[in-house]
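If you want the building blocks of each chain, they are given just below.
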Amino acid sequence: MLIERGALHQELPALAGTSTPDLCELLAGLGFPVDGVETVDGTTVLDVDITANRGDAQSHRGIARDLAAKLGAALAALPVQAPAPGEPLLPVRLEAGEAGPFYATAVLELGRGQGTPAAVKAFLGALGSSAKDMPAVDASNELLHRYGHPTHAFDADRIQGFLAVRWARDGETLVTLDGVERKLTPRDLLIADGAGPVALAGVMGGDATKVTGATRRVLLESAWFDPRTVRAMAHRHGLHTDASHRFGRGADPAMAVPARDLLALRLRDWAGATLQSAWSVGALPTPKAPVALPWAMVDRVAGHPVDPGRAADLLRALGCALEPVPGGARVTPPTWRHDLACPEDLAEEVLRLLGYDGIPSVLPPLESSPEPLAPGYLKRRKLASRLANLGFFQTVTLGFGDPQEDVLGDGPARRTLANPLGEDYSLMRGTLLRDLDKVARLNLEKGARDVRFFEIAPVFEARPGQPLKETWTLGLVWGGEMGGEDPLTPPRKLSGPEGRSHLQGVLQALGVPRAETEAFGRWEFTEGGGTVLGWHFELPIDAIPDAGERVIPRFAPFSRFPTVERDLSLLVGLDQPYGALTAAMEAALAATPLQDLRCVDVFRHKSLPPGRQAWLMRLRFQAMDRTLTGEEVETWVLSALNAAQGLGVQLRG
Amino acid sequence: METSLLPPEIEEAHRIFPEALAACADLDALLRLKGAYVGREGSHAARLMELLKAAPKDQKRELGAAANALKTRWEEGLKARQAELEEARKATAALANAWDPALPPPLPAQGALHPLNRLMDRLVDVFRPLGYHVEEGPEAETEEHNFDGLNIPEDHPARGSADTFYFRDADGLLLRTHTSPVQVRVLKRIAEKGPDGLSALERSGGIRFLAPGRVYRKDEIDPTHSPMFHQVEGMLIGKGIGMHHLKGTLAYAMKALFGPGAEVRFRPSYFPFVEPGAEMDVRCPLCGGSGCRVCKGSGWVELLGSGLIHPNVLAYAGIDPAVWSGFAFGMGVERTAMMVSQTPDLRLFFENDQRFLKTMGGLD
Numbered sequence: 000m001l002i003e004r005g006a007l008h009q010e011l012p013a014l015a016g017t018s019t020p021d022l023c024e025l026l027a028g029l030g031f032p033v034d035g036v037e038t039v040d041g042t043t044v045l046d047v048d049i050t051a052n053r054g055d056a057q058s059h060r061g062i063a064r065d066l067a068a069k070l071g072a073a074l075a076a077l078p079v080q081a082p083a084p085g086e087p088l089l090p091v092r093l094e095a096g097e098a099g100p101f102y103a104t105a106v107l108e109l110g111r112g113q114g115t116p117a118a119v120k121a122f123l124g125a126l127g128s129s130a131k132d133m134p135a136v137d138a139s140n141e142l143l144h145r146y147g148h149p150t151h152a153f154d155a156d157r158i159q160g161f162l163a164v165r166w167a168r169d170g171e172t173l174v175t176l177d178g179v180e181r182k183l184t185p186r187d188l189l190i191a192d193g194a195g196p197v198a199l200a201g202v203m204g205g206d207a208t209k210v211t212g213a214t215r216r217v218l219l220e221s222a223w224f225d226p227r228t229v230r231a232m233a234h235r236h237g238l239h240t241d242a243s244h245r246f247g248r249g250a251d252p253a254m255a256v257p258a259r260d261l262l263a264l265r266l267r268d269w270a271g272a273t274l275q276s277a278w279s280v281g282a283l284p285t286p287k288a289p290v291a292l293p294w295a296m297v298d299r300v301a302g303h304p305v306d307p308g309r310a311a312d313l314l315r316a317l318g319c320a321l322e323p324v325p326g327g328a329r330v331t332p333p334t335w336r337h338d339l340a341c342p343e344d345l346a347e348e349v350l351r352l353l354g355y356d357g358i359p360s361v362l363p364p365l366e367s368s369p370e371p372l373a374p375g376y377l378k379r380r381k382l383a384s385r386l387a388n389l390g391f392f393q394t395v396t397l398g399f400g401d402p403q404e405d406v407l408g409d410g411p412a413r414r415t416l417a418n419p420l421g422e423d424y425s426l427m428r429g430t431l432l433r434d435l436d437k438v439a440r441l442n443l444e445k446g447a448r449d450v451r452f453f454e455i456a457p458v459f460e461a462r463p464g465q466p467l468k469e470t471w472t473l474g475l476v477w478g479g480e481m482g483g484e485d486p487l488t489p490p491r492k493l494s495g496p497e498g499r500s501h502l503q504g505v506l507q508a509l510g511v512p513r514a515e516t517e518a519f520g521r522w523e524f525t526e527g528g529g530t531v532l533g534w535h536f537e538l539p540i541d542a543i544p545d546a547g548e549r550v551i552p553r554f555a556p557f558s559r560f561p562t563v564e565r566d567l568s569l570l571v572g573l574d575q576p577y578g579a580l581t582a583a584m585e586a587a588l589a590a591t592p593l594q595d596l597r598c599v600d601v602f603r604h605k606s607l608p609p610g611r612q613a614w615l616m617r618l619r620f621q622a623m624d625r626t627l628t629g630e631e632v633e634t635w636v637l638s639a640l641n642a643a644q645g646l647g648v649q650l651r652g
Numbered sequence: 000m001e002t003s004l005l006p007p008e009i010e011e012a013h014r015i016f017p018e019a020l021a022a023c024a025d026l027d028a029l030l031r032l033k034g035a036y037v038g039r040e041g042s043h044a045a046r047l048m049e050l051l052k053a054a055p056k057d058q059k060r061e062l063g064a065a066a067n068a069l070k071t072r073w074e075e076g077l078k079a080r081q082a083e084l085e086e087a088r089k090a091t092a093a094l095a096n097a098w099d100p101a102l103p104p105p106l107p108a109q110g111a112l113h114p115l116n117r118l119m120d121r122l123v124d125v126f127r128p129l130g131y132h133v134e135e136g137p138e139a140e141t142e143e144h145n146f147d148g149l150n151i152p153e154d155h156p157a158r159g160s161a162d163t164f165y166f167r168d169a170d171g172l173l174l175r176t177h178t179s180p181v182q183v184r185v186l187k188r189i190a191e192k193g194p195d196g197l198s199a200l201e202r203s204g205g206i207r208f209l210a211p212g213r214v215y216r217k218d219e220i221d222p223t224h225s226p227m228f229h230q231v232e233g234m235l236i237g238k239g240i241g242m243h244h245l246k247g248t249l250a251y252a253m254k255a256l257f258g259p260g261a262e263v264r265f266r267p268s269y270f271p272f273v274e275p276g277a278e279m280d281v282r283c284p285l286c287g288g289s290g291c292r293v294c295k296g297s298g299w300v301e302l303l304g305s306g307l308i309h310p311n312v313l314a315y316a317g318i319d320p321a322v323w324s325g326f327a328f329g330m331g332v333e334r335t336a337m338m339v340s341q342t343p344d345l346r347l348f349f350e351n352d353q354r355f356l357k358t359m360g361g362l363d
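First to last, the protein sequences are chains X and A.
Numbering of the first sequence is given in numbering that gives the first Met the number 0, commencing with residue 0 and proceeding in unit increments.
Numbering of the second sequence is given in numbering that gives the first Met the number 0, commencing with residue 0 and proceeding in unit increments.
These are calculated hints, taken from the structure and not from any lab test.
Do not rely on the hints blindly, as some may be mistaken.
Below are the EDC-like pairs computed for lysine to aspartate or glutamate, each with C-alpha atoms no more than 20 Å apart in a straight line [what the hints assert, rightly or not]:
hint	chain 1	residue 1	chain 2	residue 2
1	X	437	X	404
2	X	381	X	370
3	X	437	A	352
4	X	468	A	142
5	X	445	A	142
If we take Cβ atoms under 8 Å as the criterion, some of the chain X residues that face chain A in the derived model are [what the hints assert, rightly or not]:
hint	residue
6	30
7	369
8	374
9	376
10	387
11	417
12	420
13	448
14	450
For each residue, glycine too, the CB sits at the ideal point set by N, CA and C.
Take the sequences, apply the hints, and build the full model.
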C-alpha cells in the first residue's frame, strides 16, 4: 500500500522530525516492511507491505495509529462534525442480515462547486489514483486512503424508490463501473433499488447510478459489510478493488458514520453542497467478547518477564480497553482490530511494540530423545549420493505433463488437474522417464557428449476405483559417448550394459538381491527422430531395502585360507543362455565352498565349430576352515563340467 | 692389409668393413653383416680359411697371420657395434615405457547432487544435532491438511483456484501449497491416545522435526516464479516454548549454514498458522551487510517466515494449547539457493543443464 509522508504527518504530528530511513525502520519493526521509497516533486511516497490480517492498517490513519502506540505520541483528532440526524428521504431496507447489518447515508444537493482541491488531486496522484475532478468521487477516494473506510456516492436522482441491501436473485445482472456486465448469483450481496441492482456491496458501484458531471444530487453510502461475503464476491467476480480489499479484511464499523459525515463535509467545502438529510439504519455488528490475557502468557511467549503495567499501557495505546483480573486482564480490542481474538494475539501486540530485538535468544532444552531419521529419507539420500559418485547428475523436473504424451493407460482422470496452467501442464506424471528423456535430449542438443541423469521423486497413479497413489521412484537415463579424450581411454558409446552395471553395483551395494535388479524396471531405448540416444530405467524406491542409520556394519567373517582358481574353457552354443549354464553349474557345486563362478572371456572365431562360441568360466573356491587340496578341487571342477555338459556344452580341446 | 697374398675381393671387403659396420641401424642388420664376414659358411673369414688350407707351405704362415688379424679386427668391430646398438635399443625401450605425468589422465566420471537437494539435505544436517528428524507427507493433499488444520478457513483467499492446483474428479484433492500439511499430519498422529491413555506427545515430552519437500502454487514460470518449488519447514512442540527459543534455534542454524559470523534479526509478520509471527532476515551473506544488489542495499535479506504455533492449529489436531506450545518456521529452498549462489534465473534449477548442475552441484 502506498503511504504519502505528508498525509501521515497530518495524522501523527510527532513524526515531523523523523527521517525517512528511520521511519522505514520503525515501520519494519512494527511488521510493515517498506518495499520502496519514491520522492517526486517533494512528495515522498512509501510502498508499505501490509499483512493480510491488518485490514485496519490499510490507510494513513491506520498506520499512524500503530506508530503512535510505538512512539507514545498522540494522533491528530478526527476532523469530523456530525450533522444533525435527519428524516429518511427514501426507505433503506436491510434484507441480508449479518452480511449487511448497517447502512449510513445522506442526500446532498450539489452547488456550483469549485471542484476537487489541487492538494487533494496531488495526494491522489502521488498514490497512483488520478483525480476525476468530481468532488463526490474524489472525496470518497481520498477518505478511503486517508481513513480506510470505503464510501460510495450515487446519483440520487437515478435511484428509484428505495434502497435495499439484499442477496442477488438468479438471473439478475449488473453493469459495474468498469463497464462490465456481471451475472449475479444468490451469493452476491447487492445494493438494489426499485428497478434492480445498483451496486455490488462493498466491491463496486453500478454504472447506471454513478455520479457524472450532470449529477445535481448525491446519495452517500457508508456501510459495513461482512468481510467473508465481500472477499468471496471479489474473488468470484475477479474484482479486487480498494473497497473490496478493505471490507474484505474487515472495516472498522465505528467509522461508518464518521466516514459519511467526513464525505458530506468535503462536498460542502469543495462543491458548495447542502445537506438535505443524513440518516442511518440497522445496527453495527456486535463487538467481540473481551479476551482474557494472563500476564504469565506474555512472559512465556516473550521468553522473559514483561512488566504487566508496561504491557497494559501498550495495549491501551493500541486502543484496547483493559479490565484488571487476578494475574491478568480482560482486554476488549478496539473496533478496528478484528485480528485480536485470542491471548496469543494480544501477547504478539505487546512484543511487537516492545520490539522483537528485545527477545532473548535461547536454545530450547532437549527433553526427549531425538528420533532417528526416517529410513525412506535416508535411503533416497544415500542412493542419490552413490549415483552422483558414479557420475550421474541429479535432476529436479516440474512433474507436470501433457496428457497427449501419456502412455501409462491407467485412466488418468484423477491425475489430471482441474485448473492447470495449460493443457500441456495438466497431467501429474506417472513416470519420471519422460522428463528425464527430455533432459538428456536437451543436453545432447546443447553439445554434451555423454549424459547420465537421475531423479528421485514421487510419481502419481490413479487406477479406477482406487485412491490417487504416490510412489517415490528412481529414474535414470544415460547415453552418448565417453572416452577418447585422454591417451589411455579409447572412445566408446555409453552403452546399456555399462549403465546397467553401474546401476546394479549401486543397487547391490544397497542390499537389493542381484536377481531383482535383473528382473524389475523397464529397459528401453529412448528414441528421438529415430536415433537411439541412450537407455533409461525406473524403479520404485520401495524395491530397495532400507539403508538404516548404522555406520559400523556387523562383522562378516572371512576366510584366511588360500583361494583356488580353476578355469574351464567351454564350447557352448551361440544361443546358450548364460543364466541357465551358471545355474546348472552352481547347483552342482552347492555343497562346495564355491566363492565365485563367472565367465571371464568370450571367444568367437571361424576356427571354432559352426554355431559354437567359447566361454572361459572361472571357478573360485575357498574354505573357511582349511586349505583345499588339489584332488578335491579337481573333483568339484569335474562335477561342474558334468553339469555343463548336461546342457550340451563341451570342453574346448 | 700389407700382404699381397690376399685376394682382391677380401681386400675390398676389408676396406668397406668400417662403412658397412656403421651402416647397421639395428641388431638384425648387424647379424647379417656378422654372417657375411665371420659366419661359418660362405663368409669372408670362411673364404680365408679355405685359402689358407690350399696355400703352399711357405705362404701358410704369412697368410695365416694375415687372416687371423683380419678376423680379429672384424670380430672386435662387430662386438663394439653390437654393444652400441644394444645400448641404443635399451634407451629406446626405456623411452617407450616412460610416461609423462603431465599427459592428460583419464578422469573418473563426475556427477553431482542437485543444488536444491543439497541445500535441503544440508538443512537436515544442520538441525540434526538439535534433535530434529525428518517427516514427510504426500504432494497430493486434502483441503483439510492443507488449509483447515492450519487455521486457514474456507473463505481464505489462499484457498481459491487462483492460487492452488486441484485434481479433477478427486474429491477436493489438491497439490499442496506448502509443506505445512505435514505438520498437521504429525500433530494429529502424536495427539492420538494410546492404550495407556497417553498420547505419543505426552509420552515423549515433545517433538521436533523438519519437513522438506516439493510444493505447488499456480504461478506462471518466469525468472522468479515456478508452479513447483521446494520448502523446508521445521516444528518444535514442548512445554513453555516461546519466541526466545525460536530465536535461539534459528540463530544457531544460520550460523551453521552461513558461518559463525551470521547475524539474524526478526520482524513481526503474519501467517495464519502462527501467533506471534515473524520474518527472519539474515545479514546479507554476500556483502556482509555493506549493501549490494542482492540485499537491495539494506544489508539484510529476508530468509524465512516463522512464529509460535497458533493455538487453533494445536487444538485442531487435538493438542491442548494450554499445556503445549511450540514454534514453526519455513524456508523457500529456491529463493535461498538463488540468493546465496546469485543464480539469476529460477528456471535454471529445473532445466537441468549439465553445465549448471556441474557448477552448482557437489557430492557432500
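Right, here's what the structure says about each hint:
no.	hint	result
1	X:437 x X:404	holds (12 Å)
2	X:381 x X:370	holds (19 Å)
3	X:437 x A:352	holds (11 Å)
4	X:468 x A:142	holds (17 Å)
5	X:445 x A:142	violated (42 Å)
6	30	holds (3 Å)
7	369	holds (4 Å)
8	374	violated (10 Å)
9	376	holds (5 Å)
10	387	holds (4 Å)
11	417	holds (4 Å)
12	420	holds (6 Å)
13	448	violated (10 Å)
14	450	holds (7 Å)
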